[in-house]
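Residues per chain are reported as follows:
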Amino acid sequence: EAGVAQSPRYKIIEKRQSVAFWCNPISGHATLYWYQQILGQGPKLLIQFQNNGVVDDSQLPKDRFSAERLKGVDSTLKIQPAKLEDSAVYLCASNNGGAEETQYFGPGTRLLVL
Amino acid sequence: AQSVTQLDSQVPVFEEAPVELRCNYSSSVSVYLFWYVQYPNKGLQLLLKYLSGSTLVKGINGFEAEFNKSQTSFHLRKPSVHISDTAEYFCAVSPFSGTYKYIFGTGTRLKVLA
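Keeping their order, the protein sequence lines are chains C and S.
The opening position of the first sequence corresponds to residue 1 in this note's numbering, with each subsequent residue numbered one higher.
The opening position of the second sequence corresponds to residue 1001 in this note's numbering, with each subsequent residue numbered one higher.
Since the hints were made in silico from the structure, they are not lab data.
There is no bait here: all hints are sound.
Simulated pairs of lysine-lysine, DSSO-like, Cα-Cα distance not exceeding 27 Å:
no.	chain 1	residue 1	chain 2	residue 2
1	S	Lys1058	S	Lys1111
2	S	Lys1042	C	Lys15
3	S	Lys1101	C	Lys62
4	S	Lys1069	S	Lys1049
5	S	Lys1101	C	Lys78
Facing chain S, a subset of chain C residues (Cβ under 10 Å, in silico):
no.	residue
6	Thr31
7	Gln37
8	Asp56
9	Leu91
10	Asn95
11	Gly97
12	Thr102
Under 7 Å between C-beta atoms, here's a sample of chain C residues computed to sit facing chain S:
no.	residue
13	Glu101
14	Phe105
15	Gly106
16	Pro107
17	Gly108
Note that CB positions come from ideal geometry on N, CA and C, so glycine has one too.
Just chain S, with the same shape it has in the complex:
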């Protein structure tokens, strides 16, 4: 079975400051890793994904994430946030099973302050 832990339920940060949202996972099999963003009253939108290859993955809106297999982590980073980045961010894993079933974390609410 797989599980995903997002330790920070809320992260406040000032505009133009850097931010890191943490994601750790547990799995007995290899997994794909994803970060999704959810704006208020909207569906989930893919930010980035790690399938294989380079462990540093770049996504949309200036976000990037680094896969660390030894620490089973996939932390999301942005060097300078904007007010518009205020949203809920979800980390998810999908085992290499062919069905691409997602297991989500509980989410981190990013609040960007002016």
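In isolation and in its complexed conformation, chain C is listed as follows:
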């Protein structure tokens, strides 16, 4: 079974530029999560989708971050404009939703904002 795929793996941008990350969850997984992991900290949930609907986006900085999962499969997370403090690893995870409590993580996208 293929795991959660993310791209790109690494990205370096200047502050005030925009950037987008892509995630393809495990086939059939209804729930998709985006986390931000700043160096030295644990992952923090940014947004949770159930199919193509948002379940929780309470910690998403909506003035600059946006995410979509239009067809209920893959998802895109965008930052516009980026700030220095956005430098982090962005992790995508998925699971079946419903009664499944385990999340399966992708390798992450490492973002450096200069």
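Based on the hints, put chain S in the right spot on chain C.
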């Protein structure tokens, strides 16, 4: 609200020695408990989880953890570590809310020395 505390940011240990990584949590509702491992430049991988039943949980790679409700702890142990266990370990909780939202600790970096 929930919080997770991993008091030890780094734990050095010699190969074949035992190790314990500590995790304490705070929650006003019942939670599920997890330990994930993150190898360099990799995503998070589930080591073990506690949902209910026996408080001693066995996971992959010889790790085990014990849930202690009175002390609100979920410490991770391994009787004999290998060089390959060098990684970052994250404790997480998920409240019984149905959305299975994770709250992570800040992580413990395990360094196994030859």
